[in-house]
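J.: Using the sequences provided together with the hints, build the complete structure.
2 protein chains.
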Amino acid sequence: MRIFGIDPGSRRTGYGCIDTDGSRCRLVVCGAVTVSTRIPFSERLAGIYDELVSLLATHRPECVAIEDVFFARNAKSSLRLGHARGVAMLAASKAGLTVSEYAPTEIKLAVVGYGRAEKQQVQQMVALLLRLDTPPTPHDASDALAIALCHAHTAAGPAATRPAVHQTAVRSWRQYRPGSGS
Amino acid sequence: MRIFGIDPGSRRTGYGCIDTDGSRCRLVVCGAVTVSTRIPFSERLAGIYDELVSLLATHRPECVAIEDVFFARNAKSSLRLGHARGVAMLAASKAGLTVSEYAPTEIKLAVVGYGRAEKQQVQQMVALLLRLDTPPTPHDASDALAIALCHAHTAAGPAATRPAVHQTAVRSWRQYRPGSGS
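Heads up: the protein sequence lines correspond to chains A and B, in order.
Using numbering that gives the first Met the number 0, the first residue of the first sequence is number 0, and each one after it goes up by one.
Using numbering that gives the first Met the number 0, the first residue of the second sequence is number 0, and each one after it goes up by one.
Simulated from the structure, these hints should not be mistaken for laboratory data.
Hints are not guaranteed to be accurate.
[To be verified] DSS-like, lysine-lysine: derived pairs with alpha carbons at most 27 angstroms apart:
| id | chain 1 | residue 1 | chain 2 | residue 2 |
| --- | --- | --- | --- | --- |
| 1 | A | Lys75 | B | Lys75 |
| 2 | A | Lys93 | B | Lys75 |
| 3 | A | Lys75 | B | Lys118 |
| 4 | A | Lys75 | A | Lys118 |
| 5 | A | Lys118 | B | Lys75 |
| 6 | A | Lys75 | B | Lys93 |
[What the hints assert, rightly or not] One-sided excerpt, in silico: chain A residues whose CB lies under 10 angstroms from chain B:
| id | residue |
| --- | --- |
| 7 | Glu42 |
| 8 | Ala45 |
| 9 | Lys75 |
| 10 | Thr97 |
| 11 | Val98 |
Note that beta-carbon positions come from the ideal geometry of N, C-alpha and C, so glycine has one too.
T.: Structure, rendered in structure tokens:
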């Protein structure tokens, strides 16, 4: 299964694409879409959208995983983040892909095994799980890969390599599948 | 000048299109894009986006005006609103249109003459300014027309019929024009 993880942001949107056979994962591509803050905000959103549409068409994942953020620092930050997240979800929807959302604690739990893990620990585990010498940079790319890995562990079912983590993470995952009415 | 106002929401997005000659305004079309809450959220965003793209192509406005919301009820509401607002701004950007943003107080000030006006007063003034018997329904359509009227009054310059209001409102308006670097 090919999974495309997205870590949206209004300045930089991380992405990470992995292949998984249900037990091991392999890096396909990762990076970040950086948009200039000197262009109008609507143009920035178009930049993020166009790049994600292009990446999804190039790498043809079977599903998209995205972080489910309930509480950003404040309402204004939430609103800005929501814009980027909205166009990212639209890009996935336009590519006919299901979007799975995971809370930050679920991602940390699935990748590190501890829901309150530090960012750096998550990045180290991303490198370890994908057999990379160092965590991919920028950190938004690592974060996006962590989201994809979380989906790989969660969607892989009981055969996953980290069953205890899987059982905890799957309880609250929410999958949006077109036509499922969920 | 033809102005397309958008009042975004994740359940219902109001829109209102007006023509203005700098002093009088005329209703072109208004309504609301309602998306079922029973379909996945990414599909809902696609529904809003597709409908706005279609409306902008049909009515060919020269600019888009949208409410600038800094503080929704809470961070979660802000995030949801941000998604809808993001795809609305993307639709405008894809149509090559500038997006002007107005704070709720600016809209009330420009339409009613009082920044803390009640919602109902705004709707009554929308009907009055557009020479309609009653405020258009649903209220999201009226709200979108208020945003378009605010832009008409603000962008019309000193010749506008409500100069005092214009002078106050123009102080803090922010126009996003492609390539202006603002």
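J.: Hint by hint, note whether the structure agrees.
T.: Each hint tested on the structure:
The straight-line distance between the Cα atoms of lysine 75 of chain A and lysine 75 of chain B is roughly 11 angstroms, inside the 27 angstroms bound, and the hint therefore holds. For the hint pairing lysine 93 of chain A with lysine 75 of chain B, the CA-to-CA distance comes to about 25 angstroms; that is within 27 angstroms, so the pair holds. For the hint pairing lysine 75 of chain A with lysine 118 of chain B, the CA-to-CA distance comes to about 23 angstroms; that is within 27 angstroms, so the pair holds. Between lysine 75 of chain A and lysine 118 of chain A the CA atoms are separated by roughly 23 angstroms; this keeps the pair inside 27 angstroms, and the hint holds.
Simply put, lysine 118 of chain A and lysine 75 of chain B have alpha-carbon atoms about 23 angstroms apart, close enough for the 27 angstroms limit, and the pair holds. For the given pair, lysine 75 of chain A sits about 25 angstroms from lysine 93 of chain B by alpha-carbon distance, which is consistent with the 27 angstroms threshold. Taking 10 angstroms as the C-beta cut-off, the interface hint given for glutamate 42 of chain A holds, the closest approach to chain B being about 6 angstroms. At about 4 angstroms, the closest approach between the beta carbon of alanine 45 of chain A and any beta carbon in chain B falls short of 10 angstroms, and the interface hint on this residue holds.
Checking lysine 75 of chain A against chain B: minimum C-beta separation of about 5 angstroms stays under 10 angstroms; hint holds. For threonine 97 of chain A, the interface hint holds, since its Cβ comes within 10 angstroms of a Cβ in chain B; the closest pair sits about 8 angstroms apart. With a cut of 10 angstroms, the hint placing valine 98 of chain A at the interface with chain B holds, because the nearest CB-to-CB distance is about 5 angstroms.
Hint violations for this structure: none, all hints satisfied.
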